[in-house]
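Starting from the given sequences, assemble the full structure and let the hints guide the process.
Protein chains in written order, with the numbering used here: chain A, 4 to 251; chain B, 4 to 251; chain C, 4 to 251; chain D, 4 to 251; chain E, 4 to 251; chain F, 4 to 251.
Calculated directly from the structure, the hints in this document are not laboratory data.
Do not rely on the hints blindly, as some may be mistaken.
Identical copies carry no separate label here, and so any pair may be met within one copy or between two of them.
[To be verified] Here are the simulated BS3-like cross-link-like pairs (lysine-lysine), alpha carbons at most 30 Å apart as the crow flies:
1. 148 / 242
2. 150 / 56
3. 242 / 43
4. 148 / 215
5. 99 / 143
6. 215 / 43
7. 242 / 189
8. 143 / 189
9. 99 / 148
10. 242 / 215
11. 242 / 150
12. 216 / 143
13. 189 / 216
14. 43 / 189
15. 99 / 56
16. 43 / 216
17. 43 / 143
18. 215 / 56
19. 56 / 143
20. 216 / 99
21. 216 / 150
Quick caveat: nothing in here was measured; it's all calculated off a predicted structure.
Protein chains: 6
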Amino acid sequence: DFLNALNEVRPAFGASTNDLERCRLNGVVDCGVRHEHIYKRTMLLAEQVRVSKGSPLVTCLLEGPSGCGKSAIAATISAETMIGLNESTKCAQIVKVFEDAYRSPLSIIILDDIERLLEYVAIGPRFSNLISQTLLVLLKRLPPKGKNVLVIGTTSEVAFLDSIGICDAFSVTYTVPKLQTEDARKVLHQLNVFSEDDIDAAAEALNEMPIKKLYMVVEMAAQGEQGGGAEAIYSGSEKIRISHFYDC
Amino acid sequence: DFLNALNEVRPAFGASTNDLERCRLNGVVDCGVRHEHIYKRTMLLAEQVRVSKGSPLVTCLLEGPSGCGKSAIAATISAETMIGLNESTKCAQIVKVFEDAYRSPLSIIILDDIERLLEYVAIGPRFSNLISQTLLVLLKRLPPKGKNVLVIGTTSEVAFLDSIGICDAFSVTYTVPKLQTEDARKVLHQLNVFSEDDIDAAAEALNEMPIKKLYMVVEMAAQGEQGGGAEAIYSGSEKIRISHFYDC
Amino acid sequence: DFLNALNEVRPAFGASTNDLERCRLNGVVDCGVRHEHIYKRTMLLAEQVRVSKGSPLVTCLLEGPSGCGKSAIAATISAETMIGLNESTKCAQIVKVFEDAYRSPLSIIILDDIERLLEYVAIGPRFSNLISQTLLVLLKRLPPKGKNVLVIGTTSEVAFLDSIGICDAFSVTYTVPKLQTEDARKVLHQLNVFSEDDIDAAAEALNEMPIKKLYMVVEMAAQGEQGGGAEAIYSGSEKIRISHFYDC
Amino acid sequence: DFLNALNEVRPAFGASTNDLERCRLNGVVDCGVRHEHIYKRTMLLAEQVRVSKGSPLVTCLLEGPSGCGKSAIAATISAETMIGLNESTKCAQIVKVFEDAYRSPLSIIILDDIERLLEYVAIGPRFSNLISQTLLVLLKRLPPKGKNVLVIGTTSEVAFLDSIGICDAFSVTYTVPKLQTEDARKVLHQLNVFSEDDIDAAAEALNEMPIKKLYMVVEMAAQGEQGGGAEAIYSGSEKIRISHFYDC
Amino acid sequence: DFLNALNEVRPAFGASTNDLERCRLNGVVDCGVRHEHIYKRTMLLAEQVRVSKGSPLVTCLLEGPSGCGKSAIAATISAETMIGLNESTKCAQIVKVFEDAYRSPLSIIILDDIERLLEYVAIGPRFSNLISQTLLVLLKRLPPKGKNVLVIGTTSEVAFLDSIGICDAFSVTYTVPKLQTEDARKVLHQLNVFSEDDIDAAAEALNEMPIKKLYMVVEMAAQGEQGGGAEAIYSGSEKIRISHFYDC
Amino acid sequence: DFLNALNEVRPAFGASTNDLERCRLNGVVDCGVRHEHIYKRTMLLAEQVRVSKGSPLVTCLLEGPSGCGKSAIAATISAETMIGLNESTKCAQIVKVFEDAYRSPLSIIILDDIERLLEYVAIGPRFSNLISQTLLVLLKRLPPKGKNVLVIGTTSEVAFLDSIGICDAFSVTYTVPKLQTEDARKVLHQLNVFSEDDIDAAAEALNEMPIKKLYMVVEMAAQGEQGGGAEAIYSGSEKIRISHFYDC
Ligand SMILES: Nc1ncnc2c1ncn2[C@@H]1O[C@H](COP(=O)(O)OP(=O)(O)OP(=O)(O)O)[C@@H](O)[C@H]1O
Ligand SMILES: Nc1ncnc2c1ncn2[C@@H]1O[C@H](COP(=O)(O)OP(=O)(O)OP(=O)(O)O)[C@@H](O)[C@H]1O
Ligand SMILES: Nc1ncnc2c1ncn2[C@@H]1O[C@H](COP(=O)(O)OP(=O)(O)OP(=O)(O)O)[C@@H](O)[C@H]1O
Ligand SMILES: Nc1ncnc2c1ncn2[C@@H]1O[C@H](COP(=O)(O)OP(=O)(O)OP(=O)(O)O)[C@@H](O)[C@H]1O
Ligand SMILES: Nc1ncnc2c1ncn2[C@@H]1O[C@H](COP(=O)(O)OP(=O)(O)OP(=O)(O)O)[C@@H](O)[C@H]1O
Ligand SMILES: Nc1ncnc2c1ncn2[C@@H]1O[C@H](COP(=O)(O)OP(=O)(O)OP(=O)(O)O)[C@@H](O)[C@H]1O
Ligand SMILES: [Mg+2]
Ligand SMILES: [Mg+2]
Ligand SMILES: [Mg+2]
Ligand SMILES: [Mg+2]
Ligand SMILES: [Mg+2]
Ligand SMILES: [Mg+2]
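Now the structure itself:
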């Protein structure tokens, strides 16, 4: 169990550095006003932890459907406000992450995909009660005097986390939404793979889609019907044919 | 399991010393007549254990919603009436805590967040029957002749504790309430972060809120819309804008 | 599990010697005709085991609500009719207790709080099937020729014991009742903490109460409203004020 | 588990020798025509195993309420038809019992209280599937050529055994009944503790009672109201007063 | 678990050699047209595995009520078409059986009483998922090129096997029936223990009976009412009295 | 568990090389337009992984009834587009397979029969949560920069995989269908074992049949009623008699 935990733990604790770099390469795409709002709110919490004497521990849960950008928000913030994110093996590792954090005057801990940390599966349901108990205690334990910690969690199984009392253990919860037509249009503009005439139709078709799925669909469409069309699209010399796009 | 218990046990057994100091720094805030009543009653039980020959063991359960001040009541009493609170690792530790207590003529044992001691989770439900059996025996076992013990437990899962017979094992149970408008007004007065004109409106908005959540909301509001406003508020030079307060 | 059993086993097997001494100090209080009847019946069973050639094994279960005096009856009998009650660690210990008993010509084994021996908890329900199987075999196994054993069990979870076939394994079962008004009046007379005028009213208020709870309520009332009143009450110089008694 | 099995196994496998001797001391009492019938039938099966070439394995289950004489029938037969009954520790022991039996040309194996062998408890229900699988295979496995085995099982949990397929694994099943008035009258005559006038009334009161319970009730009644009356009754100098008998 | 498996595995994997010899001694009895059909079909499958290049793996499940002759069909075929049937300890053994089979150009594997291999019990239901997973993989794994395997399974718990997907894993399933009146008449003729006049009546009474039960009933009847009659019957000098036969 | 995993893992991870060779021997048979479509789509995904910079991880699930050709599609692609398919022991092995894949610039991982990898059984249901958690993390973890991976999974238990969130973890899912009359006719033409007149009737009878079952039925029919007919059929000198075909 433990050896296996070692292998799983990197992607489970915060987005990997690969992921961060990749985000930066494409630039951070503007996903619309609701993502913006959550981003700002989370920044304010980081500020509050830094300056306030009365909030040594602030905990914040980002929840929303799979692929809607929760990890990206969490990763960006952690990258912008603090260096040296703690990631380690399950339980013992989680405790260690918190105890390391208690040593710096100011830390951010990112618990990415908490349901995966808990080894949650809907049937049963089953999950690690050992880890859930550890989290429940850690999310309530005040850091030592003069130390301040912001904990950001992400999950796409908010109903489950709620049923085991983990949502209550967070100070605040924000819901990261899927893209709506307007948001999708913004994103497509930035990707620049459709002709101006097709963007509205494409955005309409992408309503209520998580951003991750949007990227997948666009990639598939860029291949073209017979494959091999991607390079021309991404170099900007061609655009995706909207009719082919609908097939994907 | 056991190694992990070592890490969890400090916050589980009574409030940590940090927490106590913090309480003292802000002064103990007056939370209204119902908190007062419970506080007095619990003091009388401590007295009864000390003087009476016929009550060598008195056990008292403080229950109420999360963040309503149960641990604060328990911690204050233990600090005021007796020195050297016993805190240790799960089961074996719990037994040790009781056996140490049997050695002094008069002891108070605080079992903070009993549901956490029991590793309780609502799904299943699951919990440690080993620990629950240990508690059921210890809460009934009379101390040796001439030794007297007061056990104070806290929980926010009273329905669960009842279903496994732990409530019945306590001599008395008191319910620590959430703050009502009147209580919230008292607390806000003492915090002095609202202008006199806004206190009534703010207190109204905080009706039926646990005190912990009240502190969180006030802190967030003190940040201001753009962050950076907290210092001015806490120094007393500015007050929280009530309209911004409603957004938090 | 086993180490833990060592700690639990003393209170689980028969009342501790402390408890016995305590009973003697206050004198054994007369709890009314129904307690009397059970006490006599249980004495007759002890007699039957001693004299009869055809009953080498008699088993008797005392059941009733928590705190109604089951352990006190069991302890008194064992103290009056036989010396050297066997108490030891769970399962292995239970077997040892029986095997030691098979060595004396005449023994009494007290299984106090059988549900605790079984580590019973209502949720599930969970319990140790290993111990229940051991008890089921031991309660049926005839002692060697010429050896006679009386087994007295107590429980406040008779419905559970019944459902796993342990009640059927006992030869007879007696129900120890709560105190009714008349019984409570007798007890209060003997405690002598109320004025003669108040005893009837107090007894009325204590109807259907286990004797243990009666003691607790009287102790709390004896403290007085502000604490410190107990000594005067127990020395007999003052009586409990009936109005304050109702508040407890 | 295994050490514990060692302690349990003696009473579980066939009636102990003590029990057999005891039966002989009192003489085998005549329990009426239905017990007689079962006794004869079981004798015939033993005969069939002995003489027939085509029935190398015959298995027979005696089932009926607790205390109705199942173990006594099984014990008597084994004592009358064959010496050296095999009794040993659970599973491994059970296999050994069968393998030892395969070595003699003719053996009887008694599986007394099969539900106890299986560690059965009604809640769940729980039981040892390891042992049940072992029994299911052994009850079907033909002994080596030229070896013949009769297996007699007893149980008071026939519905459970049926539900796990063990009843089907036996060739035949006989139900050992409780005593009816007529049977009880016969038994009481043989015990000779009532005056002739009272026997009918006593037998009536004992209708539908297992013989074990009958013995217990008679023993209790023989004590008399104040104890000490048993010797006079059993010596024959006095009879049990029928009115006192009704109280037991 | 594993040691125990060693003891169970012989009867679980294919009929034991004793059983085979016994069958031959009495001669293989003709059980009617439906048994005949299944026997022929199974022979054809063995042929198909042997000659066809495109069916390197054929799997066939014989299912039917307990005692209806499934193991006898399986055993006969294996004895007639191939020597050296593989039988070994559970899981590891099962894998070994298959891997040994992969070494010969042509093998038959008999999985007798698959529900027993799986340690199946109806309550729960419980069974070994480890073994069921192993079987599911093995029943689908093609033997190496040029090797051919016929797997014949038997079970009396076809509904259970179906629910865990094992039936689907077999290429074909045949249902071995109980004897009907006509079949029973054929069998009785061959046994020659009834007078010609009684055979029809006896066969009628044996309608819908598994052949194993038929043998048991005939054996019991052959004993006669007082025992000792079997030799005369089997020597042919006497016949079973039909009236006594009805009592069995 | 682990030792056993070693034995199971080969057939569980991708079709064995035997299977591949066998496919080639018979030639890949044309199964109709729907199989064709899935085959092409899957080829395009392989292309997309190879050329696109933005899709370093593409995951594709082939689901459909048992025997409908899922493993054949997966095996063919992997054989055509890449050498060195990774297959190893459960969990640890699965992780290793992925980590090896991260080392080549371009890899295909085939997870054949995912329900078998998960040790799924419908009763309970039971399955390895350890493996399911491992897959859930691996199917989401991006390969290191510059490395590209296509994961193809197959399953015949798509509803189960969906209920534990594994379907969602795949980028796309394609349903491999059973053969319909038209598809069966195409296949029978290629097999050339029926006379032209019978093919339509035979194809009709094979409607909605998985291809694997079609092969089995044809093989059985080719044997002929008395066995021994297969060689003549496959050499082409005779055809299967349609009337005999209907009996199989
Ligand atoms: N603002 C953004 N700009 C560019 N790319 C983004 C942005 N937000 C998300 N993405 C990309 O979308 C994909 C999905 O985002 P992310 O992994 O954060 O989703 P998630 O909500 O964490 O999903 P899951 O619940 O599956 O973990 C990522 O590959 C990420 O790089
Ligand atoms: N009377 C008081 N004066 C000042 N601060 C208080 C007072 N009561 C409670 N608090 C503060 O409120 C917060 C919550 O109180 P506490 O931890 O006692 O709640 P709780 O009921 O134990 O909650 P939980 O069920 O989550 O453990 C603490 O930070 C504590 O410092
Ligand atoms: N007859 C009596 N005289 C004096 N004190 C008594 C008497 N009976 C019981 N008590 C006291 O009452 C208290 C409860 O009695 P006891 O422990 O026997 O109850 P119980 O039925 O065993 O309860 P539980 O089910 O909780 O074990 C004990 O402290 C005991 O000393
Ligand atoms: N025919 C008999 N003659 C004399 N005593 C008998 C007779 N049958 C039974 N007994 C006595 O009755 C008692 C109960 O019988 P036994 O132990 O055989 O019952 P049982 O059916 O096995 O009960 P259980 O289900 O509890 O094991 C025993 O003490 C035995 O000695
Ligand atoms: N054709 C036959 N001729 C002679 N004896 C037979 C024949 N078929 C079965 N028997 C006998 O009938 C008995 C039961 O048959 P068998 O053990 O094959 O049944 P089964 O279906 O395997 O039963 P189970 O499900 O209990 O394993 C055996 O003792 C066997 O010897
Ligand atoms: N296009 C094809 N041409 C020739 N043979 C094929 C073709 N497709 C499948 N088969 C054959 O059909 C059989 C079943 O196919 P396959 O094993 O791929 O099915 P599956 O869907 O993986 O079934 P399962 O769910 O049982 O694993 C195999 O023996 C394979 O060789
Ligand atoms: Mg994420
Ligand atoms: Mg608390
Ligand atoms: Mg008690
Ligand atoms: Mg018995
Ligand atoms: Mg069989
Ligand atoms: Mg497949």
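Hint by hint, here is what the structure shows:
Proximity of residue 148 to residue 242 under the C-alpha cut-off of 30 Å is restricted to the inter-copy arrangement: shortest distance 26 Å between copies versus 58 Å within a copy. In the homo-oligomer, the alpha carbons of residue 150 and residue 56 lie at most 30 Å apart inside one protomer (10 Å), although the nearest pairing across protomers, at 43 Å, exceeds that limit. For a Cα distance limit of 30 Å, the shortest separation of residue 242 from residue 43 across copies, 23 Å, qualifies, whereas the shortest one inside one copy, 34 Å, does not. For the homomeric pair residue 148 and residue 215, the shortest alpha-carbon distance between copies (18 Å) is at most 30 Å, but the shortest distance inside one copy (41 Å) is not.
Taking the shortest alpha-carbon separations for residue 99 and residue 143, both the intra-copy value of 16 Å and the inter-copy value of 25 Å come in at or below 30 Å. Proximity of residue 215 to residue 43 under the C-alpha cut-off of 30 Å is found in both arrangements, the shortest distances being 21 Å within a copy and 24 Å between copies. Taking identical chains as interchangeable, the C-alpha atoms of residue 242 and residue 189 lie at most 30 Å apart only when both belong to the same chain, with a minimum of 17 Å there against 40 Å between chains. Within a single copy, residue 143 and residue 189 get their C-alpha atoms only as close as 40 Å, which misses the 30 Å cut-off; across copies the closest is 26 Å, which meets it.
For the homomeric pair residue 99 and residue 148, the shortest alpha-carbon distances inside one copy (18 Å) and between copies (29 Å) are both at most 30 Å. For a Cα distance limit of 30 Å, the shortest separation of residue 242 from residue 215 inside one copy, 20 Å, qualifies, whereas the shortest one across copies, 44 Å, does not. Proximity of residue 242 to residue 150 under the C-alpha cut-off of 30 Å is restricted to the inter-copy arrangement: shortest distance 26 Å between copies versus 53 Å within a copy. With identical chains, the CA atoms of residue 216 and residue 143 are at most 30 Å apart between copies only, with a shortest distance of 13 Å across copies and 35 Å within one.
For the homomeric pair residue 189 and residue 216, the shortest alpha-carbon distance inside one copy (16 Å) is at most 30 Å, but the shortest distance between copies (37 Å) is not. Taking identical chains as interchangeable, the C-alpha atoms of residue 43 and residue 189 lie at most 30 Å apart only when both belong to the same chain, with a minimum of 19 Å there against 33 Å between chains. Taking identical chains as interchangeable, the C-alpha atoms of residue 99 and residue 56 lie at most 30 Å apart only when both belong to the same chain, with a minimum of 24 Å there against 37 Å between chains. In this assembly of identical chains, residue 43 and residue 216 lie within 30 Å of each other by CA distance both inside one copy and across copies; the values are 24 Å within and 21 Å between.
When the C-alpha separation of residue 43 and residue 143 is checked against a cutoff of 30 Å, the pair qualifies both within a copy, at 24 Å, and between copies, at 27 Å. Taking identical chains as interchangeable, the C-alpha atoms of residue 215 and residue 56 lie at most 30 Å apart only when they sit on different chains, with a minimum of 15 Å there against 39 Å within one chain. In this assembly of identical chains, the alpha carbons of residue 56 and residue 143 lie at most 30 Å apart only when taken from the same copy (17 Å versus 39 Å across copies). In this assembly of identical chains, the alpha carbons of residue 216 and residue 99 lie at most 30 Å apart only when taken from different copies (27 Å versus 35 Å within one copy).
Proximity of residue 216 and residue 150 under a CA criterion of 30 Å is satisfied inter-copy only: 20 Å between copies versus 40 Å inside one chain copy.
Hint check: no violations occur; every hint is consistent with the structure.
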